[in-house]
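Note that the protein sequences, when read in sequence, are chains A and B.
Just add 21 to the spot in the first sequence (first one is 1) and you have the working numbering.
Just add 21 to the spot in the second sequence (first one is 1) and you have the working numbering.
It is worth saying that the hints were derived from the structure and are not from the lab.
Heads up, a few of these hints could be off.
Since the list gives no way to pick one copy over another, a pair counts as held whenever it fits inside one copy or between any two copies.
Claimed, not checked - Within a straight-line C-alpha distance of at most 20 Å, the following computed DMTMM-like cross-link-like pairs (lysine to aspartate or glutamate) qualify:
| # | residue 1 | residue 2 |
| --- | --- | --- |
| 1 | K44 | E322 |
| 2 | K265 | E422 |
| 3 | K280 | E120 |
| 4 | K315 | D240 |
| 5 | K177 | D293 |
| 6 | K260 | E123 |
| 7 | K177 | E123 |
| 8 | K315 | E124 |
| 9 | K113 | E124 |
| 10 | K229 | E421 |
There are 2 protein chains.
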Amino acid sequence: MIPAEIKAKLQSIVGAENYDDSKAGRLVYSFDATPQFQSLPDAVIAPRNTAEVSKVVKICNEQQIPLVPRGSGTNLCAGTCPTEGGIVLLFKHLNAILEIDEENLTATVQPGVVTLDLIHAVEEKGLFYPPDPSSMKISTIGGNINENSGGLRGLKYGVTRDYVMGLEVVLANGDIIQTGGKLAKDVAGYDLTRLFVGSEGTLGIVTKAILKLIPVPEDKMTMLALYQDLEAAAKSVSKIIANKIIPTTLEFLDQPTLKVVEDFAQIGLPTDVKAVLLIEQDGPTDVVQRDMIKMAAICEEEKAVSVKVAESEAEADGLRTARRSALSALARLKPTTILEDATVPRSEIAKMVLATNEIAEKYGLTICTFGHAGDGNLHPTCLTDVRNHEEVERVEKAFEEIFVKAIELGGTITGEHGVGVMKAPYLELKAGKEGIAAMKAIKHSLDPNNIMNPGKMFAKDSRKRVVVSR
Amino acid sequence: MIPAEIKAKLQSIVGAENYDDSKAGRLVYSFDATPQFQSLPDAVIAPRNTAEVSKVVKICNEQQIPLVPRGSGTNLCAGTCPTEGGIVLLFKHLNAILEIDEENLTATVQPGVVTLDLIHAVEEKGLFYPPDPSSMKISTIGGNINENSGGLRGLKYGVTRDYVMGLEVVLANGDIIQTGGKLAKDVAGYDLTRLFVGSEGTLGIVTKAILKLIPVPEDKMTMLALYQDLEAAAKSVSKIIANKIIPTTLEFLDQPTLKVVEDFAQIGLPTDVKAVLLIEQDGPTDVVQRDMIKMAAICEEEKAVSVKVAESEAEADGLRTARRSALSALARLKPTTILEDATVPRSEIAKMVLATNEIAEKYGLTICTFGHAGDGNLHPTCLTDVRNHEEVERVEKAFEEIFVKAIELGGTITGEHGVGVMKAPYLELKAGKEGIAAMKAIKHSLDPNNIMNPGKMFAKDSRKRVVVSR
Chain A
22 MIPAEIKAKL QSIVGAENYD DSKAGRLVYS FDATPQFQSL PDAVIAPRNT AEVSKVVKIC
82 NEQQIPLVPR GSGTNLCAGT CPTEGGIVLL FKHLNAILEI DEENLTATVQ PGVVTLDLIH
142 AVEEKGLFYP PDPSSMKIST IGGNINENSG GLRGLKYGVT RDYVMGLEVV LANGDIIQTG
202 GKLAKDVAGY DLTRLFVGSE GTLGIVTKAI LKLIPVPEDK MTMLALYQDL EAAAKSVSKI
262 IANKIIPTTL EFLDQPTLKV VEDFAQIGLP TDVKAVLLIE QDGPTDVVQR DMIKMAAICE
322 EEKAVSVKVA ESEAEADGLR TARRSALSAL ARLKPTTILE DATVPRSEIA KMVLATNEIA
382 EKYGLTICTF GHAGDGNLHP TCLTDVRNHE EVERVEKAFE EIFVKAIELG GTITGEHGVG
442 VMKAPYLELK AGKEGIAAMK AIKHSLDPNN IMNPGKMFAK DSRKRVVVSR
Chain B
22 MIPAEIKAKL QSIVGAENYD DSKAGRLVYS FDATPQFQSL PDAVIAPRNT AEVSKVVKIC
82 NEQQIPLVPR GSGTNLCAGT CPTEGGIVLL FKHLNAILEI DEENLTATVQ PGVVTLDLIH
142 AVEEKGLFYP PDPSSMKIST IGGNINENSG GLRGLKYGVT RDYVMGLEVV LANGDIIQTG
202 GKLAKDVAGY DLTRLFVGSE GTLGIVTKAI LKLIPVPEDK MTMLALYQDL EAAAKSVSKI
262 IANKIIPTTL EFLDQPTLKV VEDFAQIGLP TDVKAVLLIE QDGPTDVVQR DMIKMAAICE
322 EEKAVSVKVA ESEAEADGLR TARRSALSAL ARLKPTTILE DATVPRSEIA KMVLATNEIA
382 EKYGLTICTF GHAGDGNLHP TCLTDVRNHE EVERVEKAFE EIFVKAIELG GTITGEHGVG
442 VMKAPYLELK AGKEGIAAMK AIKHSLDPNN IMNPGKMFAK DSRKRVVVSR
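So here's chain A without its partners, still in its complex pose (with noise of 0.2 Å):
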C-alpha cells in the first residue's frame, strides 16, 4: 500500500488521471507474458515526461517503493512481474518517435515506441532498424533494450545492443543522465549504454534513446530446406557458416513444432519431414542469388531431401509468419509450455538437439525444438500441465539437464529471453560465484535501495523452478 501521503504527491506529479491503484488497474498489470507468475503492484503509474519519471523516482528510492519499467509486457522471463509489489511504470505518454536523422543514420525515439512501427517508420526512408524480436507487433524499444531482444536477423545483424547508441537514463537516485550519442566512435568513460542494454530495468529507467540504422538491403530471399535426419539439419548450419557465408537467418524447426505450425498457419508446409531449415539472405541481388545456390548446395550435400527457394515475396512472407508463430501454435496444445532459450556456440547444435532429445526420452517428455539455429540459440519447449505434479517435476529436473548441458558445450542459460524471475536460480552457471558477486556490486552501486525491478536477474534462497503456463 502507497500512503495517501506519498500517492497525492505522486498523483501532484503526473497528474491523477496517470495514477491509478484500482484493483482492476492494478490486476492488468499483476503479470507479464510469463504466466504462472502474477503479484499485485500498489499502483500504475504513466508519467508525461523525463522530469516526471525523474520525480516519481526520488519518491521511490526515498521511501524505497519497488519501481517496475514495463513495456507491453512480452518478455518471458517474468522480468516485468512486480514480483515485490510496489509501481509499475507505463510509457504510454513516451511513445514517440522524435527523430529520423538520414544523414547521421539514427533514430531518437521514446521507449514506449512499438518496435514494428519503428521499423516500419524507417522504411519509409530506405532505412533499416533490424533487431525483429517474435513479439516485434506488440512489444516496444523502451522494452527490447531493458530486455536486449534478439530475433531472426540476429545472425547477421546482432542483437538490439549491437543498435543502441545512446540513451537517457533516469537513475535510482532520480539523476537524468545522457549516455553515448550519434557518434560512430566515443570512448569517454564506461560503456554505460551497453550495461544499460539488458539490465531488466535493474539499473535505471530508459527514458529515451538513439539508434542506429543502416541501409535498407536491396533484396531478399527465402528458401526451406528439409531433412529426415536432424543432425543433418544441424551440421547444414555449422557448414554454411564455416563456408563463411552469413545469412540473415537460418532458423530450425523439428518435426513436432512443424505439425503444430502447420495445423495453425495452414501454408502448405510439409509435416512428413524430421527437420526443417528456413534460410533468408539480403543484400545486392547478384550476392543474394549467389549465396542462395552455394547454400542450396550445402544443405543437399548434407542430405537434404529437399531444397526450395521461395518463388514471392508473399509465400517468403508466409514463411516467416508460421515460424513466427511457433510459440503460439505450441501453446495451444497443452495447458502448460514451458519454452526455454539455452544457447550454444553455433557448432554445438547438432549436439545440443541431440541431447535434448535423449533428456526429453530420460524424463518421459515432449519437447519440441525450434528456433535460431544460426546463433546457437533454440527454444526446447515442453509441453505439459502444472496441475500434474509429478510430470512438472521431471519437467524441472529436464531443464536443469539442458541448461547444464548447454553450459558444458561452452553456451549460457538464456540468449535473448533474459533471466527476470525464472533464471535466476540458474544464472550462476553461467556467470559463476565471482561473475555474480560482481554484478550485485554494479547493482548495489547504483541501486543501493534496492527499488529498481528488485528480485530480478538475481536469485534469492530458493533455487525452485518456476514453471511457465499457459
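With chain A fixed as given, assemble chain B onto it according to the hints.
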C-alpha cells in the same frame, strides 16, 4: 618502494626473472606514447599465466599497491603511465593466439598478442578481424581492449568493442571471472564484457579474450578525391552516407597535413589542394565497383577537383600507409605535438572543421587536421613547443574551445584515444556530473581500494590541461 617481504612474495609467484625493480627497468616503463607524462613504477612484473596474475593482484589489493596493466604502451592518453607508482604488469608471457575457430568464426587470444599478428593469422584462414588502430603494427589486443581502440575501418566495421565476445578478467579482489563466450546471443546477467572494454584497466585485468571474426571481404578498392575547399570535402562525407553507402574507410587530410605526409612518405601525393578524402570500399567485386562509381559522382557533384581510383593494390597500400603515418610525420616538425580526437556526429564534420580553423586563427596557432571523417572522428593536431609557456597557454585554451564545440555539436571529447590522465579534466563535459558519479560508483564497487590503474579516467582537483610533447 615495495617492502622486501612483499617483493619476496611477488618473486616467489612469478619467478625472480619476471620481477624487475632495477632503475633501468623502471625507467623503460615510466612513460608510454604520451610524452610529458612520466612517473617511475616501483616494479615491473611479467606474470606467466592467469593464476599468477590473480595472486599478484591479491597481494596488491591487500597492500594497496597500484597496478597498471600495459600492452605496448602506444596509447595517446597516458593511460599506461604509472602516475601513482606501483607495479606495471607486462603480458609478454601471455602472448599466444590460443585458437582460431573456423566453425564459430572466433579467435581466442591472450592479451599480449600484437594486433597485426592476429590480423595476419586470421587472414590466412580467409577470415577478417576489422579493428585496425594506426598503431596496429605494435599495439596489443589487450591494450586495444582496454582502450576500445578504433581505426580506419571503424565506419563500416565498428571498433574493438564490437569484436569482443567474451573475456577472462582478474578482478581487484583476485577473483577470476569469465564473461560472454562464443555466443551470438547471450543475456545471462549484466554485459560485463562491454563494461570492461574501454575501461582502461581501471576495473580489472584482462587475461584472455574471445574475438569475433568475419569472412574476409572478396575485393577492395581505394580512391583519392581532391578538393580546393575544406567544406566541400566534409560535405561529400555526409552526402555519401546520406546516399546509403557505407564505405570501409573515409579519411580526411587537410593541406598542411598533406604536405607533411608527402614530405615524409614520398609517394606523390598532391600538395597543392586544400583537402583530400581517402575512400575505400570492400565487399563483393560488383558492389565495390558500383559503390566507387557512385561515390566518385558524389565527390564530383560536391566540387572535387580530381577523383582518382588507385590502379593497383600497391598504390592503394601506399595511400593507406601514408595516411597511417600522419602523426609520425607531423611529430617531426616541432618539438611538441598535441593531437586530439574530439568526435562529432558525421553530419557536423564541416562545422567542426571550420570551427577548428577559426579557433586556431583566434589563438594564432598552427593546427593541422586529419582523421576518420566518416566516423566524425577528427584529429586536430597542434604543432607547438612546450618550452614556449605563453603559446602553450593559448593551445590549452584552444583545445578547451574545441572540446566545448564538439559537445555543442552533439559530440564527445574522445572518439578512440581514451580518457586516461589527459582527458580526465574534460570528461565532465561529456558525461555530466551525474554520469561521472555513476561511473565512479561502479569503479568503487569493483575496486574499493583503488588499486586498478588509479589516477586514470577521473580527474583530480586540478583541471589543468596537460601537454603532449614528442
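Consistency of the hints with the structure:
1. K44 / E322: Intra 61 Å, inter 65 Å, cutoff 20 Å: neither.
2. K265 / E422: neither (33 Å within a copy, 47 Å between copies)
3. K280 / E120: neither (43 Å within a copy, 41 Å between copies)
4. K315 / D240: both (17 Å within a copy, 19 Å between copies)
5. K177 / D293: For K177 and D293, neither the intra-copy (30 Å) nor the inter-copy (44 Å) Cα distance is at most 20 Å.
6. K260 / E123: between (38 Å within a copy, 10 Å between copies)
7. K177 / E123: between (23 Å within a copy, 16 Å between copies)
8. K315 / E124: between (36 Å within a copy, 17 Å between copies)
9. K113 / E124: Neither way: K113 and E124 sit 29 Å apart in one copy and 44 Å across, limit 20 Å.
10. K229 / E421: For K229 and E421, neither the intra-copy (37 Å) nor the inter-copy (29 Å) Cα distance is at most 20 Å.
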